[in-house]
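Novice: Letter 131 of the sequence shown, counting from 1, is numbered 131 in UniProt numbering, and no numbers are missing.
These aren't lab readings, by the way, just hints derived from the structure by calculation.
No experiment lies behind these values; they were computed from the predicted model shown.
Backbone N, C-alpha and C define an ideal beta-carbon position, used for all residues, glycine too.
Careful, some of the hints might be misleading.
[Stated by the list, open to error] DSBU-like, lysine-lysine: derived pairs with alpha carbons at most 30 angstroms apart:
#: 1; residue 1: Lys41; residue 2: Lys110
#: 2; residue 1: Lys106; residue 2: Lys153
#: 3; residue 1: Lys7; residue 2: Lys48
#: 4; residue 1: Lys144; residue 2: Lys110
#: 5; residue 1: Lys73; residue 2: Lys110
#: 6; residue 1: Lys7; residue 2: Lys41
#: 7; residue 1: Lys48; residue 2: Lys73
#: 8; residue 1: Lys144; residue 2: Lys106
[Unchecked claim] Each pair of labels, with its calculated beta carbon distance range:
#: 9; residue 1: Asp100; residue 2: Thr61; range: 40 to 50 angstroms
#: 10; residue 1: Gly123; residue 2: Ile2; range: 42 to 52 angstroms
#: 11; residue 1: Met1; residue 2: Leu101; range: 49 to 59 angstroms
#: 12; residue 1: Phe6; residue 2: Arg64; range: 13 to 23 angstroms
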Amino acid sequence: MISNDFKDGLIREIPNLRAFAASLSGSIQLADDLVQDTLLKAWGNSDKFEPGTSLRAWLFTILRNTYYSLYRKRGREVQDSEGTYAERMATQGNQESHLDLADFRKALAKLPEEQREVLIMVGATGLSYEEAADICGVAIGTIKSRVNRARTKLAELLSIGGVDDLGPDRTSTAAIQRARSETVGF
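Sequences and hints are given; from them, build the entire structure.
Specialist: So, in structure tokens, the structure goes:
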């Protein structure tokens with residue numbers, strides 16, 4: 001149950017939150033949205049607030065984090081109200097992806113165990129070279145060398161000579177480009 005002190009504290013901080021949000025965002029409308037989001041998050045996480053600490057500081061932290069999350073999200077978005085970008089987007093078919101994965105698994109199984117092990121540690125699970133070296137009990141240089149040899153061998157086994165060998169084949173790419181050019185002439 002949320003205490004009356006907590007509720008009253010939220011209400012008291014609204015003008016301060018609004019001023020802070022307006023100074024961050026430069027927009028009264030966005031500031032009001034940020035304050036509303038902050039209050040909703042604070043209400044939903046009231047059990048995480050520690051009585052005796054600064055409610056204002058806690059709320060300002062929530063508001064600041066909400067603003068920066070929104071700012072980062074907007075940086076990744078593209079305004080496309082006319083649908084221009086959406087029209088040019090094409091998705092490659094993935095009918096052969098299960099075959100590619102099967103080929104990859106076969107090639108991975110052909111690698112020497114020590115190379116396969118470190119490639120999975122560093123490439124698939126995201127461990128750092130240092131962490132992999134600690135786990136394997138070898139020097140970092142040894143791990144880097146094994147990963148490099150494993151990648152080179154995998155590329156050889158999968159007949160990958162360069163970036164052009166990745167993604168759709170040339171026939172699929174040509175068909176997509178032709179379809180696009182025919183659509184533009186419509």
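Novice: Any hints this thing doesn't respect? Which numbers, in order?
Specialist: 1 and 5
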